[in-house]
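Please construct the entire structure, taking both the sequences and the accompanying hints into account.
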Amino acid sequence: QKEVEQNSGPLSVPEGAIASLNCTYSDRGSQSFFWYRQYSGKSPELIMSIYSNGDKEDGRFTAQLNKASQYVSLLIRDSQPSDSATYLCAVQGAQKLVFGQGTRLTINP
Amino acid sequence: GAVVSQHPSRVICKSGTSVKIECRSLDFQATTMFWYRQFPKQSLMLMATSNEGSKATYEQGVEKDKFLINHASLTLSTLTVTSAHPEDSSFYICTCRGTTGNTIYFGEGSWLTVV
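If you read the sequences in order, they're chains A and B. All residue numbers for the first sequence refer to the numbering used here, where the first residue is 1 and numbers rise by one. All residue numbers for the second sequence refer to the numbering used here, where the first residue is 1001 and numbers rise by one.
Misleading hints may appear alongside valid ones.
[Stated by the list, open to error] Computed far set for chain B versus chain A, every beta-carbon distance over 12 Å: (1) Val1011; (2) Gly1053; (3) Lys1064; (4) Ser1073; (5) His1085; (6) Pro1086; (7) Asp1088; (8) Thr1100.
[What the hints assert, rightly or not] Below are the DSS-like pairs computed for lysine-lysine, each with C-alpha atoms no more than 27 Å apart in a straight line: (9) A:Lys42 with B:Lys1014; (10) A:Lys2 with B:Lys1014; (11) A:Lys42 with B:Lys1041.
Derived from the structure by calculation, the hints contain no laboratory data. Quick caveat: nothing in here was measured; it's all calculated off a predicted structure. Glycine residues also receive a C-beta, built at the ideal position from the N, C-alpha and C atoms.
Shown next as structure tokens:
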């Protein structure tokens, strides 16, 4: 079982709709969870971090964490073409940050 | 925000030669630096963790004699790919954790092409 799992996609969403990205992780002791956006050929950039159960909102982005289910998600409201990218879920263990395989998201105008 | 600089951003080298990639934290001290490799359409895979002044800890399956990591100061770590082969062609990314807090900062990445 992979440590961090994501659906690789591609996920296509019409402009203006809500994009929903999901991630599961295997280490129950994980405490910190992150969503990164990566454009083709570029390094990932942090868009959201979440540390406790529940929802965390930042602009059009909402991260949701459920530690009992070992599940973390990212919602993007009012999706824009510029949101088209690969989204990486990352989970912080005791020492290292482990990434999922990423979900390729395309927003269709 | 904190800046992490990688150099070179792109490099092409001949098969069998060695190439060095530098990772610098520009406005903070990085006690721990992590080196990742990303093949096309794949995720970031951790290669090694380096702490300033000590030997790097390599992930399973990563050859420490092929990927030499030196973390000589709190602001500089280098990755040297020795005897490079075309299959080493990849995007190499360093990340840094500062002396305070748990925030991890990403370098811009270095594209290595071995021909």
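Against the structure shown, which of the earlier numbered hints fail to hold, in ascending order? Those not satisfied come down to hint 10.
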